[in-house]
Structure formats: C-alpha cells, structure tokens
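Chains as they are written, first to last, in our numbering: chain X, 1 to 709; chain L, 1 to 405.
In case anyone wonders, no lab produced these hints; they're calculated from the structure. As the structure is a prediction and not an experimental result, all values here were calculated from the model.
The calculated BS3-like cross-link candidates involving lysine-lysine, where the alpha carbons are at most 27 Å apart (straight line), are:
| hint | chain 1 | residue 1 | chain 2 | residue 2 |
| --- | --- | --- | --- | --- |
| 1 | X | Lys206 | L | Lys53 |
| 2 | L | Lys192 | X | Lys236 |
| 3 | L | Lys186 | X | Lys236 |
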Amino acid sequence: MSTTAELLKQASELFPDEVVTSAHVRHFDLPLGAGRFALITLDNGHDHTKPTTFGPASLANLNTAIDQVEKEAADGEIIGVGITGKPFIFAVGADLKGVEILKEYEHALAIGKGGHEVFKRLSQLAVPTFAYYNGAAMGGGVEVGLHCTYRTVSAALPAFSLPEVFLGLVPGWGGCTLLPNLIGPEKAVSVIIENSLNQNKQLGGKQVYELGIADAIFEGADFLEQSLIWTAAVLKGELEIERPVIDRGEGWDQAVAKGRFVADSKVHGAAPAAYRALDIIAAAKNGDLQQGYDAEDKALADLIMGGELRSGIYAFNLVQKRGKRPAGAPDKSLARPVTKVGVVGAGLMASQLALLFLRRLEVPVVLTDIDQERVDKGVGYVHAEIDKLLGKGRINQDKANRLKALVSGVLDKAEGFSDADFIIEAVFEEIGVKQQVFAEVEAVAPAHAILATNTSSLSVSEMASKLKHPERVVGFHFFNPVAVLPLLEIVRGEKTDDASLATAFGVAKKLKKTAVLTKDAPAFVVNRILTRFMGEIQNIIDEGTPVEVAEKGVEPLGLPMSPLVLLELVGPAIGLHVSETLNRAFPDRFTVSPNLAAVVKAGKRGFYVYDSGKPELDPEVAALLKQGDSVLTEEQVRDRVLDAVAQEIGIMLDEGVVAEAQDIDLCLITGAGWPFHLGGITPYLDREGVSERVNGKPFLAQGVASVPA
Amino acid sequence: MPRTVRDVVFVDGVRTPFGKAGPKGIYHETRADDLVVKAIRELLRRNPGLDPKKIDEVAIAATTQIGDQGLTIGRTAGILAGLPQSVPGYSIDRMCAGALTAVTSVAGSVAFGAYDIAIAGGVEHMGRHPMGEGVDPNPRFVSEKLVDESALFMGMTAENLHDRYPQITKQRADEYAVRSQEKAAKAYANGKIQADLVPVSVRRTSPEAGETGWGLVTADEPMRPGTTLENLSGLKTPFRVHGRVTAGNAAGLNDGATASLIASEDFAREHDLPVKMRLVSYSFAGVEPEVMGYGPIPATEKALAQAGLSISDIGLFEINEAFAVQVLAFLDHYGIADDDERVNQYGGAIAFGHPLASSGVRLMTQLARQFEEQPHVRYGLTTMCVGFGMGATVIWENPHFEGDK
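For reference, chain X alone in the conformation it holds in the complex (with noise of 0.2 Å):
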C-alpha cells in the first residue's frame, strides 16, 4: 500500500460516519475517433439534495481510481483522463463533520497532506486531464478539477466558490497555490479572499469561464457530450488552449495587498484565516507549487486546531441547521393556514412588514391607520418597492400586477380585518397604545387570527392581558433593515398557545427568516446584549475613557461596525429608549448614560461627523460629554465589556430566556451580524477564558465549538 493510501486509511478509522463518495472510472472512444478514454464520476451514491463531499474515505476512492488510470495512461490504454460529478452536483469540497472531529494536529496535517498527494496524480499522469464541472462546485471540489490539465464548465453551474476563508479555512488541496497561477493574483485574490469574506459570494458558471478557470462553457442541456467533443478537438491538436500571461512582478505584490485592505476591512484582522491565505498566494509568486502545498498544509493544520474554524463551522451549523429548525417550535402539524395578513400601522416600519408579507406569503396585505394621508403613504412606499423590484428585472409586470392588486389600505380595522389570519402591529412603542390597538383588532379580528405584535422591548404578555383571548398573540421582532437581516425573534407569551406559536413559526418560515423562540424577557436576545454591551461602552467613555481608546478596544473582536456607528444607525434616541426600559428591568447592570442622554437631547443623529471621509468625534457632541477621570487601557476596555457580555449571557440562560447558548449565538449572528470566527459569541467567550471568569464555567461543552477534547 502507497503512504497516500496508509495515510488515508488511517484518518478513515477516526471518521466512521463519513457519507462515501464512489470515484467511478468508466471508459468509451471518445468522438472524432480522438481514441480510448477514461471518464471519472464523482458520486456518493444520493440525489443532489445530499451533494458530494470529500473525506479520508472518498480520497482513498479517488486515489484507486487514479491508480487504475494512471496504469492505464502509462501503457497506452487511453488518451486522456476526465473527472466530472453527479447530475447538478461537481463535488463541493471537504466534509466538514470530517475536520470537526479532528483533535490533533498530526491528523489535521494528514487531511491537508491526504488531499493533495491524491489530488496533484491528476497533473502527473501520462495522459493529459480534463474536469468538466457539471454543477455545484466548492472548496475542494473546485480544487480537484485546478490540478487538471484543462477545465469546462456549465453555463447552467449555479455555485462555484472557495468558501474555506469563510468558514476559517485556507483554499489548501492546493486552491491557493493553484488558482493565481492559473488566473493570475488578482483575480484568485477576488475569489479567494473578497467572494469568501462578502458572505460567501458564489459564481455562476458564465463567471467561472470569464475568470479563465475554465477554458470553455457550454450550455447545460448537453454540456458533457460538448465537453468531450472538445476534449476529442484537444486531444487530436484541432484546439488550441490560450491562457493569458501572468504579471509575476509588481502586479502580483498589488494584487496580494489588496487583498490585505479587504481582509481588514472586514475581519480587522480578528480572523486568521484570510492572512493565512493571503500569505500563501504572495508565496505563490515564483510558481513552485510544492512550496506552495507545503504551506497549505501547515495553514490548514494550524487553523484546523484554532479557535477561528471551530466557531466558523460552529456558526455555519447554527444558521444552516438551527436556524432551519428552530429549538423549542411547536409541531407544525399545528400551524393554522394564513391567507390573508393585517398590519396595524402604516409608518415606515409597518410599510416594511406589508411589503415583506406581501412577497413572501402573496397574499393580500391590508393596512390601517388613524388617517386616510398614513393609509395611502403606506400603501404608496409598497407600490414604489414593487416599481423598484420592477425596474431592477427582479420581479415581471405581471408579478408586480399581482402584488399591488394584494396591497390595501383602509381606515376601517372592521373592513380590513373581518377576513384576516395573522395581524402584525407596528404602532408607537407604548403599553397602552398597544392594549388600546390588540383591544380594538380582536373585536373586529376572526377568532382564530393571530395577533402578532413587532415590539422590541415592551412585554408581549402584559400587551396580551386584557384580551378575551390572549392565548393567540406572540411576539414577531424584526431587525432592521427587515429585508436584510435574518433573524426574527419568535416570543411566547406567559398565555400563547402552541397552536398561535406554530402559525408563528410557519409564517416565519415562509418569511424566510431565522425564528429563535424567546421568552418574553426585556428587549427578548439581541436588543438585550447589544444594550448590555453598548450601555458598558458608554459607561467607560462616561467615566473619563476617550472615545477613540473605548472604540478601538473592541475593535479585535472584528466587529462588523464600531459600537458608536451602530449606535447612529439604531439611532441614538432608540438606543437611549431601550436603555431605560432594561433600567427599569434590571436597574443594577443596565444604566442609562447621562451622555448619551445629552446627545439626545441635543438632537445629534449620532457621534461623529464624516468630513474628512473618516468617522471623527462631532465636536458639538465633543462639548457635550461631561467625563470622569477613570481611564481604561484598550485591553481592559476590552476585559470589562466582554465580562458584562458574558454575564448577562449567563443570567438570560439561567433565566431561561433561550434554550440554549446557541440560540444566543444564532441570534446574533443573524440579527447583528456579528462574525462567524467569533462563532456568534459564546464560543470566542469561551476560548478566551471570559466565561470561566465571569461564571465559572464555559457555555459550550468542549468539542462544540472548540476542538474536542
């Protein structure tokens, strides 16, 4: 047995469960009367749904099946080697249950290995080698097909990427050392770094070819018959294959620095991953691709065994899965079917629910307001959204048709709610007013209609307590902007039914929004611990640190803003409302800043002024601020605000506010965009000893978002 296949053998026995991928080795003459050909298949034996992945098992597979058709290049048997996927499916990287049980860094190492002494037989056979990427393609897949010596690609691809950056990987079976000699620096840096890091960007197949990834496009209807056709013109020298030169000198240096100013503009360099790779791509600069694969493999051991990937995979996990099936949702046997949706409000907010309602459900939409001028504003942004959906070719005429006949608005609630299912409110944050609108919409409501309420800090079950049947309404908390950040946090009243919490759950899913159930606890997950956090910032600048020091202390954690812009963008009189209510709920760690007061007295939209370009402190709010003399390093800014994140993340699970830590996570992954390295938040709070600081005790248990132990 070689020591690829002993290699392979060996990491197998750690990963039993892994879903095999069968390498297929099939062979046929080739079109033209090119000669004998061995074709590839990639395939794990299920329909698209589950598509193929690579780990120590599949590898192995690979391996034989280059064994056979390495022999038979070598005494002549055949022309060429192809390698292609399943129907819809190229192969979409490594399995990644397969790197999440590793625990050694010699094992880690061996995956790294494993792959590419597999993976670089296909430059070395006798005969050339063609992969023809037949659909969806990531990671290690799209690496399989770059150590061939050509490559197609469908027109009909729907997803190509190197998703590793994302997830805290380097592209490393040989994508980083590969991809810029092949299509040069800048362009392996777009893909690499900028796709990975901008949300994980896919490519359609059209792009792949335009990159020069692929050396020819063909339609999907026939694309493997063309593929091999061309592979025949190829192979008997009719076609000739131009790649573009690639600037190897200065341009390669620019290349890799750009690259650099992404990365820090999204990760400020709290993330490894990116810097690793990018490292490997300037390195790959003098084309010795061995050197190359060496330094993939020591990146990808070293990341395999940090904190960053863990939470990465960890956080993947969470909005693929748990977000998916929401902990703690009723059977959605119980759901209620809703056919028609009430928004009580027709501000901007409430203009925003109609809209998204009406795209998601299709279904008519009706508002209501205290006067016809709010009605028919609120009834007109939806028809300008549905003409900007027009205009952007993202909906048809006829859609755009159907969706504007769906939106009404009426004065009457009687009218307008006689017939609804489900009635989202999103009128003034104000107890009474909300008791006063729930009280006037379950007159005229039928009795199995929802009463959905979008507060972000009042209690759903006082707002319930005066109705005859407080057991249908729930809490549906958006975040802003609604059509863009996933999360929607599901609350259930002291007296909400499971049945109203199901219809819920299953409007929120048609929604297409990550439900997390809370309880109804002040400000429910994300308001809460971005309150604690930014109400812990402001307390440091009010005892006497300087903004810019209180700013940049947290500025390692790579935040996607800086707590004061985030701050400008709620809105420093919405922070500042919140504030106040988790005062009155938990007046010993929430306070309410007399700055921040000030600001908002002063009716300054934010801290800073952009002048220069840059955020520099308004010195109109500069005036303002009346501090202490305590001034805190970065560090310990940094201490202190991840002590009180902590805590108050101990005390709402204690509290039973979630289920689990990880619902804490998924919220605010989702609701506040904060980073898949930080897995959320609890696994970085974890890894850097905060948890056992503060409570004695991690939130994870070792393995979850961490190596295992």
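Put chain L on the given structure of chain X with help from the hints.
Showing chain L alone in chain X's frame:
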C-alpha cells in the same frame, strides 16, 4: 384567396444512437425527453444559419405518451432544448410511423403555407415505456371480432404474414437478417452512419450492466456484426411454437430519438440551408390489423399513384425492418429480389434497432445520404408498417439528380 402549393424539402436529419431497451441498455438511466433534446440541439448546431426564432413548429412523435414521453413532448422538448418560447410544439402518435407522420404533418403545413420550416422527429424509450404500457383496448374488439386477438402482438402479426405468404420461409427471413447486419457493419466501417448521430452522455449507477459513472454513447448498441445463419437458425420463435419469427430476424426493443428539419424549398434556399430530399408524395393505408406487416404495399401503391410514378421509377428503398417477413412481402409483391442493391443499402432496423415512433426519420436520413452519393437516382421511398394494420410511405426526389445519363 388563391394559394400555391409549395415544394417541401428535407433539410437535415439526425438521431441519437439507438440502444437496447432494458436494465442493461445504454439508456436505462436516460430520460426519453433528454434524448429528443440532444437530437434537436444537434440539428440546430449543424445548421447554424437557421435562426431558431424562425422555426414554426416542433412535432415529436411517441407511441406511449406517458411520463417523460408525455406532457406534449414536442412543446416541452423545445423548451428544454433552448428553443425560443415563441416556437410552439405538439405530440404525434401513429405508433411505428410516428416520426414519419410528424414529417408528413409538418410537410403538409409547409406546402399549405402555414409554416416555413419545422422540426419533426420522434422518440421511443421502450425500456422506460414497454409496448402496451397503460393500454386499455375496448372489449368490443374481441367480442364483436373486430380484429383478431393476435393483432395487438406485433410478433404474432408477423407470423400471420408468413402464413399468408408461404413462400417466405424462415430461411429467407434469416438470410435477409444476416444481410442486414452485414450491410450495417459495412456502412459503419465506411462512416455512413456516424455522421448523422449525436453523441449522448449516459449515466449508469448499477454495476450489473457494466462500468458505472458517466459514459458517452457514439454508436448503436443493438448491432450484431458477424451474425451468421447458423447463429440465427437456433433462436427461439417466441410468438409461436415452431414459428418463423425470432429475435434475429426482427428488430429488437429499443430506445432512441430522431429529429429532422422540414422546410419549403424556397425558405431553405433563401437561408442557405441544405436541400437533401424533395418531397414527392406520401400516403397511409390500412390493412387487416392481424397482418399489419402488409401495410407498406397499399400505402406505396397510393403514393406511387399520386405521384404518377411506377415502382420501376424508384431507385432507392428504405424499408423499415420491423420484421424481415414484412420487407420480403413487399419485395415479393413488386418482384424485387431479396438482395436487390437498391434496398436498404446501409442495412436496417434488424441491425440498428427500431425505437418505434422515432424510426421514420432514420429511414429518411439514410436515404438522404444515399441520394447524395448516387446522383443518378431520381426517386426513392421510405416506407414502414404500423401497428393495428397500417402502412406509411413517403416518396422523395433526389435534388442531386443529374438527369438520365
């Protein structure tokens, strides 16, 4: 409104390689509609001068219009092939003469002036849709003795034809079959067949049938070159004890698709499209269903009469070899020798296979190629027998004809 009947031409034709029906066949895991799509796309690739928007119709035949052969396959295959949505399509069924009827139907519309150019073809995946799938014959057929019970079983009708013509012995049928295999092998060796085939990628997941994974089909699977009389003499006669019809002297159960372009001659010439054959006449005829193999004779009589031709004017014959006996009955009727070199020069369905509703266009594609090679021939015909007692004949003129020399 005065009208002028327009000349109709066969512009081009292609087909998939034919496969053997059943779990071991090359197309076992390939959809029927996909086979049609590959053929249509090849037709368009071969004729890049044709703007697909100008195609007026897609007529696709299938005998069993269920599942992947259902859903108005002429329309769905057009969309799947990437034709503009403005191009309509429909389905046709005349069993074995499906594709032939697709051609004559659109040809009639072209002559009338309704279309300028149309796609006509057929498909039959007899592996996915065995003969008789889902049929529900009216009980009156039997109770009122409208047809003999054997009429529904094509092999039995072939035995009946042997009864009618006792001079057509099993020996003659077998000799004919051996020649068909020989001629087909020779045509392959000379590259006459491959030029009109579109390669088809095929997937296999079951190892019992051979190597698994994706493969490429570039040749007909049913071919049995080197077949001898001895090979054939021992075969079973599944339709009758001590019968004459065997798997060796009949076409098999097959999968495949064909497609052709039919246009007005003016349109073809204006758009620099090939003119491979000119339509002279076509005819269909009914006979007793229990001897359906006799059908080509009255159909040909009618088509000749329409054209004002006699059988001696026909220089090339493409006769579908559903059964050797049915070809021999035709030849005997016209006094043509069993091995006449004008008949099925490239061999026939006994060698290539006969995916029912697709075969008509195969006959035409082969006749077109023979016309090109033999400019001394002016007329040729394509003819086939059809289930439930029918025959179908199309007479074509060779546009390459150089005059009587």
